[in-house]
Structures are given as structure tokens and as C-alpha cells.
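Colleague: Counting in this note's numbering, the final residue of the first sequence is number 431, and the numbers go up one at a time with none missing.
Hints are computed from structural coordinates only; laboratory data are not their basis. In this text, all values refer to a predicted model and were calculated from it rather than measured experimentally. A virtual CB, placed ideally from N, CA and C, is assigned to each residue, including glycine. Warning: the hint list may mix true and false statements.
As the list claims (entries may be wrong) - Okay, derived cross-link-like pairs now, DSS-like style, lysine-lysine, Cα gap no bigger than 30 Å in a straight line: (1) K270 to K51; (2) K198 to K65; (3) K69 to K51; (4) K134 to K351; (5) K183 to K351; (6) K51 to K134; (7) K286 to K270; (8) K51 to K65; (9) K202 to K270; (10) K351 to K322; (11) K270 to K56; (12) K322 to K263.
What the hints assert, rightly or not - So the derived label-pair ranges between C-beta atoms look like this: (13) P99 to Q254: 22 to 30 Å; (14) R89 to E247: 29 to 37 Å; (15) R89 to L306: 36 to 44 Å; (16) N228 to V23: 15 to 23 Å; (17) Y415 to E247: 29 to 37 Å.
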Amino acid sequence: MIQPLIALVDCNNFYVSCERVFRPDLLYQPVAVLSNNDGCIVARSQEVKDLGIKMATPVHQIKHLIKRHQIHLFSSNYTLYADLSSRVMQSLEAYSPHLEVYSIDESFLDLTGLCSHTSSRRNSIDYALQIKAEVFQNTGIPVCVGLAPTKTLAKLANYAAKKWHKTGGVLDLSDTLRRDKLLPLVPVNEVWGVGKQTTKRLHLMGIFTAHDLASQSVATIQSHFNIVLARTVQELNGIACLDLESIAPDKQQIVCSRSFKRRLTDEKELIGALTCFAQTAAEKLRHQESVAGSISVSIRTNPLSQTDAQYQRSGQIQLKQPTNDTRHIVRIAKRLLKEIFKLGYRYQKCSLQLGHIQPETQRQQMDLFSVSEQSSDSSTLMNTVDHINRRFPKAIAISAAGINNDWQTPVNYLSPRYTTDWDSLPGVT
DNA sequence: TCTGGGGTCCTAGGACCC
DNA sequence: TCTGGGGTCCTAGGACCC
3 MIQPLIALVD CNNFYVSCER VFRPDLLYQP VAVLSNNDGC IVARSQEVKD LGIKMATPVH
63 QIKHLIKRHQ IHLFSSNYTL YADLSSRVMQ SLEAYSPHLE VYSIDESFLD LTGLCSHTSS
123 RRNSIDYALQ IKAEVFQNTG IPVCVGLAPT KTLAKLANYA AKKWHKTGGV LDLSDTLRRD
183 KLLPLVPVNE VWGVGKQTTK RLHLMGIFTA HDLASQSVAT IQSHFNIVLA RTVQELNGIA
243 CLDLESIAPD KQQIVCSRSF KRRLTDEKEL IGALTCFAQT AAEKLRHQES VAGSISVSIR
303 TNPLSQTDAQ YQRSGQIQLK QPTNDTRHIV RIAKRLLKEI FKLGYRYQKC SLQLGHIQPE
363 TQRQQMDLFS VSEQSSDSST LMNTVDHINR RFPKAIAISA AGINNDWQTP VNYLSPRYTT
423 DWDSLPGVT
């Protein structure tokens with residue numbers, strides 16, 4: 003039987019690399035990309051990591067470092083990142099018939115039988131090096147490749163390929179001898195699926211490295227923790243428990259939420275924000291040809307504020323009849339907001355959540371006594387709106403969404419949409 | 001003054017049923 | 001004093017991921 007071979011291809015400092023593709027002058031400069039609100043650091047170049055700046059650090063805490071080291075900042079340019087991501091994934095498709103796009107910057111590829119026919123490790127390494135070179139050639143994005151018989155080990159191989167430069171950005175952990183050498187060097191919190199809380203408890207049990215965890219009996223871990231971590235132990239030992247999912251399942255919930263640039267106190271302004279969220283969420287819902295059976299809305303003040311009075315509440319409604327009509331969702335959201343809104347608080351964040359999502363085609367039969375809230379021409383109208391908005395973004399919107407939404411996030415360091423907007427195409431002089 | 005957003009999965013516990 | 005047992009469904013909350 004052929005040993006399975008999974009590759010994890012992960013882009014290096016993805017958002018930063020995207021910015022650098024069009025700004026080669028920044029290649030060896032410290033570069034960071036900021037979160038939606040220009041509030042936190044969400045991507046760092048190696049130079050920034052070397053300064054000891056951690057992921058999700060609030061910008062205001064490191065102003066002095068930004069100034070002293072002249073760190074180049076960028077607001078998140080998701081349009082650009084999404085486009086480059088799809089180009090990376092397109093390049094990868096040539097290398098395996100089974101590909102799972104795991105996130106915006108990484109994919110699992112099933113290479114079983116594709117490059118192990120000589121059973122020499124060199125062969126798989128060559129294949130991975132080829133993948134790496136082609137992605138860079140096609141997109142300008144550097145990647146690292148981890149190879150192993152399970153997803154968890156492939157993640158680990160990728161971690162090591164990134165950390166130890168002499169691997170050349172490619173590492174194969176198919177060989178158990180090699181695993182025995184590497185796993186004792188990897189802190190247990192670097193294992194995929196082991197987070198902060200689990201790490202704390204593992205430390206108390208004297209488990210500090212990936213090797214320590216792999217040596218535990220599955221039953222022990224299952225009894226002290228849960229099935230998820232028990233699977234991780236098996237995966238670390240080369241026994242696959244997690245399948246490659248080449249077909250992305252439909253989303254089970256869709257969330258839209260934002261922190262506001264400034265605190266909102268007026269119900270009208272919250273309605274405006276909520277209406278925007280409802281439009282975005284409903285559009286996503288229709289894009290996967292689904293309807294939602296429940297809607298919930300939540301609002302809160304800033305929990306980190308020492309001076310503001312705190313308030314947080316959410317409300318949910320199960321719909322008699324599932325919908326994907328923006329107008330209907332907006333109506334319900336407004337009604338929910340009315341129920342939970344309290345005057346006199348400074349609201350920092352608001353979110354809208356669609357749940358109980360099901361395929362449109364399986365929309366349940368109405369019961370005998372309910373009156374349809376979704377008119378028969380609804381889907382025609384929504385399709386038309388989506389169609390127009392795809393060509394002319396935000397051309398059609400619900401009026402309550404407002405035009406001057408100054409609660410929206412500041413983008414002080416936004417780069418152009420180099421690849422998706424004619425007027426932003428980089429020129430050559 | 002300023003601290004991201006969008007997801008998934010699992011578990012415990014309550015309600016309810018027979 | 002004793003106060004069934006087993007099953008399902010739903011929800012809230014925790015933990016994790018990128």
C-alpha cells in the first residue's frame with residue numbers, strides 16, 4: 003500500500019508579500035499590515051517579527067517602534083489579497099487533483115502516488131521545490147511546503163520549513179526517523195489545534211514538546227481533554243484522522259461585525275451599520291444559494307474601557323420561513339435592535355449573524371397558516387441587484403444604510419487595487 | 001484616545017419525550 | 001428515607017483556527 007502524502011503549501015507573511023509584489027522597493031524593509039480598523043498588526047514581515055512585535059499588537063502601543071525603525075504600514079486591502087490568493091491557488095491546481103483551500107493563504111494538496119513512486123524522499127522534495135518555484139514565478143508570492151502522511155504533520159513540517167532556513171523552504175516528514183529528530187524540538191503550542199488553554203493544561207502534565215504529546219496514549223488524552231486532541235495525537239504518529247476536503251462545504255453561519263471608528267450613541271446610526279451588514283451577509287448567503295432560518299443581532303460597549311458604562315446584549319429570532327431577501331433581513335434586524343438597544347451607552351461594536359442556513363432548494367414548505375413574507379418576485383429582484391452590484395460595486399443599496407457612514411473604518415494606509423481595477427494598474431516608465 | 005473579523009467544532013446542561 | 005432511565009434536540013459558551 004502506498005503511504006499517503008499530504009502537502010501543506012503556506013504563503014510567507016501573505017498580506018505583506020502581496021503588498022511587496024507591487025512595491026519591490028520594500029523587499030528588505032520592515033512592513034506591517036493593519037486590521038480593519040487600522041487598530042492592530044495582523045501581518046508582519048520578517049524584519050518586523052525580528053523586532054519582537056507580536057501578532058495582533060495594538061498599533062498605539064508600538065508607535066515608538068514604528069517611528070524608530072520606519073516600519074511601512076498598510077491598511078488591509080482585501081480585494082488585492084483575495085485576488086492574489088486565487089492566483090496562487092490556481093497555480094497549485096496543476097499539481098494535484100485533490101486540493102483543499104484551507105484559508106486565504108494556505109492549501110492542502112493530496113500528493114499520494116504522485117511523487118512517491120521511486121520511494122525516495124528526494125523525489126517528493128523535488129516536486130515540492132517545483133511547486134514553490136512555479137507559484138513564485140506566476141504570482142511573486144513566496145511559499146513554504148510541508149510534506150507528511152497527515153495534515154497535522156504537514157502543518158508541522160511547514161512550520162519547520164519556515165523556521166529553519168537551511169531546509170530551503172521545503173521539508174518532508176514522511177520518514178519516522180526524521181520525525182523523531184524534529185518533534186522534540188517543537189514546543190507543544192506550535193502543534194495545530196493546541197491553543198493557549200490546552201498548552202497551559204499540557205504543561206501541568208509535564209508535556210512540553212510535540213514529541214511529548216505524540217508519546218501520550220490516545221485514551222489518556224481523550225479522558226483528560228477531548229476527541230479533538232486525541233485525534234491530534236494520532237495524527238502526530240502518522241495515522242490520518244482528518245480528511246482532505248476538496249469541496250468547500252456551504253457556510254453554516256454568516257457573521258458581519260465591525261468595531262466603529264468612533265463610539266455610537268444614536269440608534270439611527272446603529273441601524274445604518276446594521277443595514278450595511280445585512281446587505282453584505284445576504285449577498286454572501288445568496289452567493290452560496292442558501293437561505294437563513296434565524297437572525298441575531300448584538301451590540302456592545304467597549305469592554306476594554308475603564309471609564310465607559312458597560313452594556314452588552316443580543317437578540318435572536320427564528321424565522322417562520324427561511325429567507326435570503328435583503329429587505330426582509332433588514333426589517334428583522336431593525337426589530338431586534340429596537341428590542342435590545344438602550345439609550346445612554348457608547349456602543350463600540352455591532353454584529354449581525356445569520357444561522358440555520360440551508361440550501362435554497364430545500365426551503366421548507368410553508369405551513370398552512372403562515373403568510374409568505376417573501377414575495378414571489380423576491381429572488382428575481384435580489385438576483386438583479388447582485389448582478390448589478392457585481393459589475394458596479396455598491397451601486398444599489400438599502401437607503402437606511404446611509405451614504406456618509408463615518409462610523410466606517412479608517413483606511414489611512416491603503417494600497418491601490420493593483421489587480422482588479424483598471425485605474426489602479428501599475429504603470430511601467 | 002487608540003485594542004480585528006469571520007469562521008468551525010465540541011461539550012455540558014436543560015427541556016422534553018416515552 | 002426512598003424519588004427511573006434512556007434517548008433526542010437545542011443552545012450557550014469555550015476553544016481553536018487563520
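Colleague: Kindly indicate which numbered hints from before are broken by the structure, ordering the numbers from low to high.
Modeller: Checked against the structure, the hints that fail are numbers 1, 4, 5, 9, 11, 12, 14, 16, while the rest are satisfied.
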